[in-house]
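Asker: The whole structure should be built from the sequences, with the hints applied where relevant.
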Amino acid sequence: MSQSAPPESTSGGHPPTKVDCFINPNARAAQEMAETFIEALEQAGIDVTVHWMSSCEQALDDIANLPETDAILVGGGDGTVSGLLPALLERRETIGILPLGTANDFARGAGIPTTPQAAAKVISEGHRLSVDTGLVADRPFLNVASLGISVEIASLHEDRAKKLLGRFAYPIRWAEAWHKHRPLKLKISTDGKSRRARCSLLAVGCGRHYGGGLTLDEQAQLNDGMLHLYYVAPRNALHWLWFLPGLWRGTLKDGDGAHTGTARKVTIETASGRAKKVNVDGEIVAHTPINITIRPQSLTIFAPAERSN
2 MSQSAPPEST
12 SGGHPPTKVD
22 CFINPNARAA
32 QEMAETFIEA
42 LEQAGIDVTV
52 HWMSSCEQAL
62 DDIANLPETD
72 AILVGGGDGT
82 VSGLLPALLE
92 RRETIGILPL
102 GTANDFARGA
112 GIPTTPQAAA
122 KVISEGHRLS
132 VDTGLVADRP
142 FLNVASLGIS
152 VEIASLHEDR
162 AKKLLGRFAY
172 PIRWAEAWHK
182 HRPLKLKIST
192 DGKSRRARCS
202 LLAVGCGRHY
212 GGGLTLDEQA
222 QLNDGMLHLY
232 YVAPRNALHW
242 LWFLPGLWRG
252 TLKDGDGAHT
262 GTARKVTIET
272 ASGRAKKVNV
282 DGEIVAHTPI
292 NITIRPQSLT
302 IFAPAERSN
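The numbering used here puts the first residue of the sequence shown at 2, with every later residue one more than the last.
No farther apart than 27 Å at their CA atoms in a straight line, the calculated lysine-lysine pairs in the DSS-like style are these:
hint: 1; residue 1: Lys19; residue 2: Lys122
hint: 2; residue 1: Lys188; residue 2: Lys278
hint: 3; residue 1: Lys278; residue 2: Lys194
hint: 4; residue 1: Lys254; residue 2: Lys266
hint: 5; residue 1: Lys186; residue 2: Lys254
hint: 6; residue 1: Lys254; residue 2: Lys188
hint: 7; residue 1: Lys188; residue 2: Lys266
hint: 8; residue 1: Lys186; residue 2: Lys266
hint: 9; residue 1: Lys266; residue 2: Lys278
hint: 10; residue 1: Lys277; residue 2: Lys194
hint: 11; residue 1: Lys194; residue 2: Lys254
hint: 12; residue 1: Lys188; residue 2: Lys277
hint: 13; residue 1: Lys254; residue 2: Lys277
hint: 14; residue 1: Lys266; residue 2: Lys194
hint: 15; residue 1: Lys277; residue 2: Lys266
hint: 16; residue 1: Lys277; residue 2: Lys186
hint: 17; residue 1: Lys186; residue 2: Lys278
Rather than coming from a laboratory, the hints here were simulated on the basis of the structure.
Answerer: Encoded structure:
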């Protein structure tokens, strides 16, 4: 199977000397992992100011009012990083990530390790990568906006099973959501070209992975300047099983209930005009009709050195 080349690093190593670190205390194992992460940064000679988040809203205000700093670090899952994007994009400092979520799809796509010592090493080595972000309903996002069964899955995730089972909760929730889901009739426009489709899952994104391990497109890069999309319309449970390998590996092809493509702008509305919920980076924060656009290389992150060619 062909694999896309890794994203190209935009600079050599320039380690920060002073950073502000925002930690989501509700993330899994946050306290212990954050302490290990901070200790590793300090041992590398980096001055760390820690901010334990009481809420996303408060953290957005705190970031907006930060004094000058070399970098802003975020400890949390995809939803935490995505939720802080409005302030991070305004500040434009380099962003470091300590993956503390259940899936950590963005970190996986960027090659950021999930152990605190290794994540700290990525930051202390100082290699940077500029990545694309998306915009949906005036909200920036990192990975994927999706409709259909993914909305039901997101609504089921805030429960004890997720906390106890971590990523292993996702297959359970997929099975539960399948029984509740009804296919959507949508009008989808890509760069002005429209088509109508009946689908159970539609995903549009600038990231590579989402949904606890699904791959949007094996050819997608984090800085290729394009939105990648697919939608599928399985006829029954067995047809879903037939789609699963392609959903997991990002190898879906057009035909037999699937459509794939790329665009710089995607517009989605329902055929009936009724509003449908949209899952944005794992959170239900938008409704149709929506416009989704790409913001090329709008965020700079610390990334492993091997991401450069």
